[in-house]
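Which chain is which? The protein sequence lines are F and Y, in order. If you read the first sequence in our numbering, its first letter stands for residue 1, the second for the next number, and so on. If you read the second sequence in our numbering, its first letter stands for residue 1001, the second for the next number, and so on.
It is possible that part of the hints are untrue.
To be verified - Selected chain F positions facing chain Y (in silico; Cβ < 10 Å): (1) 59; (2) 71; (3) 174; (4) 175; (5) 195; (6) 198; (7) 202.
Said to hold, decoys possible - Sample of chain F residues with no beta-carbon within 12 Å of chain Y, all distances over it, derived: (8) 113; (9) 246; (10) 247.
Because the hints were derived from the structure by calculation, they are not lab data. Note that the Cβ used here is the ideal one computed from N, Cα and C, for glycine as well.
So you can see what is in the structure, the chains are spelled out below.
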Amino acid sequence: MKLTIRILAFLFILLINGTVNAAEMKLAVTTSFNNSGLSDILLPEIKKDLNLDVQLLVVGTGQALKLGRAGDVDAILVHSKKAEEEFISQGFGIHRREIMYNDFVIIGPFNDPAKISQSKTVVSALEKIAVTKSLFASRGDDSGTHRKELSLWKIAGQDPEKFDASWYRAAGSGMGATLNTASGMNAYIMSDRASWLKFGNKGDLKLLFSGDPVLFNQYAYLSVNPEKHSHVKFDHAQKLEAWLTSAKAQKLIGEYAINGETLFIPNANAKVN
Amino acid sequence: MNDIVEGMLSAFRLIFSLDADLFEIILLSLQVTLTAVVIASIIGMPMGAWLAVNRFRFRRLTIAILNALMGLPPVVVGLIVYIMLSRSGPFGVLNLLFTPTAMVIAQVIIITPLIASISHQAIRDLWADYHDLLISLNTTKRQRILTLIKDARRSLLTASLAGFGRAIGEVGAIMIVGGNIDHLTRVLTTAIALETGKGEFAFALALGFVLIALAIIVNLAIHSISKTERASNW
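Build the full structure now, drawing on both the sequences and the hints.
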């Protein structure tokens, strides 16, 4: 019995020690921000400049907004303008600050059965996939990327709800897991460029279409409103916002490249909206 | 196939390079799971013994439910614990969400029914042997339970190890309540899920082999401490 108590006391001390005393905040980010490797560049610099430990929760945009609403994180970095504006108008955030953008690309089988690589616009590329009923993997998880994909189908005059599961497969998972699914099925998929470039299991997939201005993907930073949740670390969140929009951070973002390819284009400005 | 070989090789490279991040993840995995196993054993073993020696109206139903709870889906446990600990939930003020403590809570809920059920099974068999003796000695219920726990300790060890096995490989619940935060709540299983998501199969597999090795080492260590499977011991 004495031994049990001793073991318990030991484990309890271990557990208590696990909590750090340095300044820290929780930031919910989308998978693309973390998977791209950009966070590995920025976080050490933030620690150095602000002495702030930013703890990342890597989730889809839908879940990030939910965590912000519940007050479980201090700020979010997401990419779905409509949902962000709703977040602000409901009072969960004070303003959204644009930080950077990248773009979405269409990935598909090497031999391109739907012949989308010659398409002029992404909408016509998607139409070709739908007409030929070529395998297509969708995120299906209410993330920013998923919402973007749905809006593109809508522009193409299609309703993904009515698509047959024989070719339109909603994976219901993150970007990486869905890319794995697409790689396994040899299917078309819409991905953000950063996740695709960093992805290690490309298989027979290839980047087939990109460059349509519609595929522009803006990331914005939103601090959680302290009036809704008095416990959030609003000061830290504001400090981080100032840092992300500073010349130094913007330069770091712009210079980050994989295999010589730039992933994010910084576009923060003084304007707060 | 290539991935598996490469995974094994990089597992060895990882371990022998004494990667600091890897050891941090291993340590947290052990810390969370062992804490959960100790707490769940303290709750589950007496519960199993109590169920074995007591006769009451809904005994059969209670045992059936306890057995069914062994198959509790971790994702559901994770979700419930998340909602409870969320800032907008009833225990939000404790600020426990996305901490190792939240992960321990989820794991305790997952493995307590398992440990209680196996303990109950073992102690019930022993109780059949000890029944007449303990009754004739005019023991109290408390004394009976303590005697049974003491004499069934080998089987109870199996119950704890089964709980350890379920907890160390669990990912669904701790991903939700821990959040897989680097240097804070990242453990082996959530790191494996992350690396798989990145398509880094070799690295994910390497972590998987480390996890399996860890489970074997812990089991061996516990057996050697408790001196089971030796000539004069059973």
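Right, here's what the structure says about each hint:
1. 59: 8 Å, holds
2. 71: 4 Å, holds
3. 174: For residue 174 of chain F, the interface hint holds, since the closest Cβ of chain Y sits about 6 Å away, which is under 10 Å.
4. 175: Holds, about 8 Å.
5. 195: 9 Å, holds
6. 198: 7 Å, holds
7. 202: 7 Å, holds
8. 113: 23 Å, holds
9. 246: 23 Å, holds
10. 247: Residue 247 of chain F is indeed farther than 12 Å from all Cβ atoms of chain Y, at 27 Å.
The structure is consistent with each of the numbered hints, conforming to all of them.
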